[in-house]
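Participant: Listed here are the chains, written in short residue letters.
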Amino acid sequence: MFRLKRRKQEWLQGYLFVAPSIIILGIFICLAVLFVIYLSFHRVNLFQNTYEFVGLENFIRLRLDHTAMRAIRNTLTFSAVVVTAQTMLALILAYVLSSNIRGRKLFRSVLFLPTLTSSAALTLIFMFMFNIQGPVNNMLLDVDILSERINFLQNTRFTLPVIMVMNIWSTVPFYMTLYIASLVDMPSNLYEAASIDGANVVQKFFRITVPYLRPITTFVLLTGIIGTLQMFDQAYIFSDGSGGPANSTLTIALLVYRYAFGPQNAMGYAATLAVILALIILTISLIVNRINKEERVY
Amino acid sequence: MKRKISLILICALLVLSVAACTSAPPEAAPEAPAPTPEAATPAPPVDDDDGDFAGRELVVGIWGGNDTEMAAMEEMRLNFEAMTGASVTFRVYTDYNMQIQADFIAGTAPDVFYVDANMFPFFDSLGVLAPLDRQAVDADAFYTNLVDTFVGTSGQLYAVSKDFSTLALYVNLDMLEEVGLTVDDLPTAWEDFVEFLPAFQAQLDEAYGAGAVAAMSYNLELARNLHLLNRGGASVIGPDGRATLDTPGVLENFQLIMDLVETGAYQRPQDLGLGWNGEAFGVGRVAIMDEGNWVYNFLRTEFSDVNFAVLNMPSFRGEVSSMMFTVGYGMFIDSENQDLALEWIRYATGVDGMAIFTGATGVLPSRQDVADKIDVAADPFLQIHLDQVQHAIPWSMGLYSSIINDEYMNFLLEAVQGNMTVEEAMRLAEEQANFQIGG
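These protein sequences, in sequence, are chains H and U.
Residue numbering for the first sequence is 1 to 298, as defined by this note's numbering.
Residue numbering for the second sequence is 1001 to 1439, as defined by this note's numbering.
It is worth saying that the hints were derived from the structure and are not from the lab.
Quick caveat: nothing in here was measured; it's all calculated off a predicted structure.
We treat Cβ as the ideally placed atom computed from N, Cα and C, and that holds for glycine.
Simulated coverage check for chain H against chain U, where a stretch passes if three residues somewhere in it have a Cβ under 8 angstroms from a Cβ of chain U:
1. 58-71
2. 131-138
3. 151-160
4. 244-255
The following block holds chain U by itself, in its conformation from the complex (with noise of 0.2 angstroms):
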């Protein structure tokens, strides 16, 4: 009897673990309800302007923000429902770049999701977007380099800009004012920083005691590098996407990061064990540092006595660059709610839709009209970020960039640090990525 009995629960034991390897992935689950694309079908064509999505469901995938920004797309979702009738779900990752490709893979990526400029290619090469119509998103209403980012190399366009960051150089003034200069002092040219920044740490460690703040802070990533480096010509990628770090005109830009390096004034925030330049600056162990406007929110609640301005990027050559940040909102290939994904697209980068997010958190948005809207220009510093868009390049940087950034992280890293020369570093970064890429 006993066997019997066991015998029955085994066999139960067998058919749940089969039961549970055959049901359907759980991923899908939420993804695909089963009404949905019945009620797809017939929807669209009837008319798609001023739409019949009562009761349809889209689903927009984002990576988390803060809460701010969690709030203002909540509020973008409610309006959003109240103006068309479906309803939206978030899909929230927290590894975006990562898991979005699983989601690829399976098929099951959400109907309209982030793309990050500088994933964009990756994407682009896999296909998983689909082509927008430019009059539809209305493009010309774009920062025109803001617009070309997204654009394939097939030609069209692949996501809109939701918002973007630029760099800005930011300035302590209370410690300016410590050692006697004004921000007038400042020189406008990197290559002047050369000769200011050893006479101003040692103002600075007079006042503050040595070592107690760097005069300035840098990141050694292309993000931030980039700008600098394809100077006067030069290109750290060829137009196939690999990399071209040991040639001339890379090797000759990057001669200013060492020759700032070796003031001995210029430090990355690890160097001073901290996270990063916000904090570094923050805390006051930095006195100048260039930061996207990221920073500028960050400052005014977190550290709000530190007193600071924000100015224009000192010139390099002659010239004045600096980094754009941006993500779009682009279209999965085998969503079936394009109607739906492209209307969500059409709000959320609209007037309305980006107003609400750019007014709230403090990024910097995608055109003119909603910077007049929600009056950019009545904070200076914020205004200063925003004229960046007419000269800075943006973080996009074809399809090995994240390869190639590894790679120059590593090895110019032992340059900095003295343990290669520039022109060695160089040249294994680029041996070393474009191994790893291949072909």
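Only chain H is shown next, with the shape it has when bound in the complex (with noise of 0.2 angstroms):
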């Protein structure tokens, strides 16, 4: 009796315990997705307050948008490059910084303080350096590789690239940081035993770091997959909030934004696509992580 009585006393403990964030996470996230879903399937005005049921109309408008089509596919683009260049830059600058160079402290400090840097300052930096007048353009036109100037800001072929390179920049610290403190728990027993059977520093990188770094790995691609997907600050300030030039640095957050809080007046059709991210983040995250499970099971 007693015992029950302690029992029931700790589970009402508990839920006291985890009851402040179930409640704030319940308002501010569960009833704002819920909301979101809600809206998808409406026409709303919020000056009017009128909501006005319309089906599956918003999904059937998306498939004839060119606009939300582009922003698919710079935020996919964007995404794919991005992903893929942090994960290994960060996965080699790890393995390089966690040997024992000379001056890998200052290194790591010196490296991580992009990171350290807000995006908004960042992205005004990087704006200066890629203006046809900025250091990049004087720094390619010193060493002969450009003839003439190249507008990046301008120029639709170069603009979503300079986010990109901007974005690399800015995270790949982070995530080598990440991989470091793993490689320092790492134990030194398994690269002596490949030295001893051989393995040259390649061999051993690909053969003990990255199978080692797997559990790191998954979660560098989930949080860079999510983090990319849902850009906005960067291309936002790049553009003015326009996306452009010519829709080439439009993500669907920015369009999102564009469409409710604009002149379209069209929440419900800005909630439809805000479905689609989270649909398109789900699927492609689940499908990174069904892949490394796979590959842990040898």
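Reconstruct the complex from the two isolated chains, following the hints.
Facilitator: Structure, rendered in structure tokens:
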């Protein structure tokens, strides 16, 4: 009897402990998510407070929306390039910096700096660097890679890649730190055994380091995918909110914002886009997770 | 014992978090001080001419300006408070058109607020503006096109222009002199600039080095190009506000911009790696530009060594036109203080208020009597800007101007960069804009 009461008390206590966060999450995440799903089936006018049920009309409309298709394509391209590059770079840098090279502490600190800067400030700095009169153009001209200046910020072939470079540069250090943290714990006898067997540095990297870091890689890939698919701030600042030039920097998140708060007054359609974005993220994340699990079997 | 303490703590936390969720929305707090509505209700019927406004509060929604503008606003505020005995609070928005929408939805918009002429059709469609009596706001004293800009679909007046700006042509006199030209050698028609620019560019290249100075700069935005595109009866939008970019008239007019671009001497400030025309002109990267009078004080203060002249806009298809940009004061339809709000509008757009603001900031007064009072004519360059009011068209392009403008900027940029034909770009821009407009 006493034990039962005690257990009940513990049970109650546990729930009380999590209650504040459950309530906050419930209101600001769960309710918000449900409301967005609800909105995506409606035509909404927030000013007149009208919600008209339109069924799947918003989803059908999406298929005809070239701008939205462009945004989805931009976002997927962006994500594919950035996630691949940032994961590989982070891994290689971590491998190099966890070996016993001289000054590795200094390198680690210096490389970590971009992560500490706000992305708004970073974007402005990159826009200065890639300006047609800016340092990048000057450098490329000096070493004769370019014969004439490229307007990286206006030429639609270069705008998205510039944002990619910016994003990779600012996210790699964070993931690199995660990898280093795991590598520090790695038993050195694995490498020693490999050396005795005659493995070279490259073999050690691919046969020992990469498989050892697989759980971290899963995390890096997932957060990378989610982060890049939701990219908003850099494109917003870069294009002054328009997604231009010529929709070349338009991402799904930016388009959601434009539809929701622009004169289109299309909160319902914006919600539909947000739902689609969530579905894309969910699908890709599940696939990545699945692939990683399968490989862990052997 | 310990467990009890932690239980109590958690309960306290819970109560706090629930209380935080249920308490009044914080935004509403400064907006609706409890006594105001009660005080407001009995006051207006007494009389509303010389006003029993003492002790009441008025919230004016504005966007932030530079120091001079804010000082002028402050002076107006003090005068108004002394006049009426009411107290005025400015609610300064940073992302105005976005944030004020949230206030409309929440019903907490300021009593009286700025209305950008270009946003006016949108605000009108939302029904957030209260109609204004033409007599009460002295509408006849204003330039007529500025009054018409704020007439809603119902035919009533909903906002009163507080000031305006126009585009005019700016020329760097030192550069002209350097290549042996004078202002009189400049063409007065846009068509003639197509002939003039290549030779002028060659002279500039010779004097300053190749690529150092662009002969002329432009912006690829409807806010700047609309007066050219609508020339000769063409129109960028139809009567329903939807885009009609892909129409023969507009295409033909856009050919002027293409011809100018193809001279290689007509460049956007972004092509030069600079933020905007004023900067490009100030640092000496551009010899001629069409810009608004906001650049006038900017050049005087930031680039005082630049020797320039302001000229009338060139003609196109035998007709001179320009763009004008205006902002008015509108009254919130659900405001409890409409009598006081109207009083603010009457003051701020009246002779005294407008003279303070326009006199200090270099924007143009919306009425001739104020222009006389602050003696705009004493400055011939500013007078040229004011003269544009005769033929300029207001930047206000129906409900969907920002959608149409976004697509215009997107696709026509591809055209001037040579990645698309003009026809293709216009077709896609129209298609995409009308798709987003929906319906």
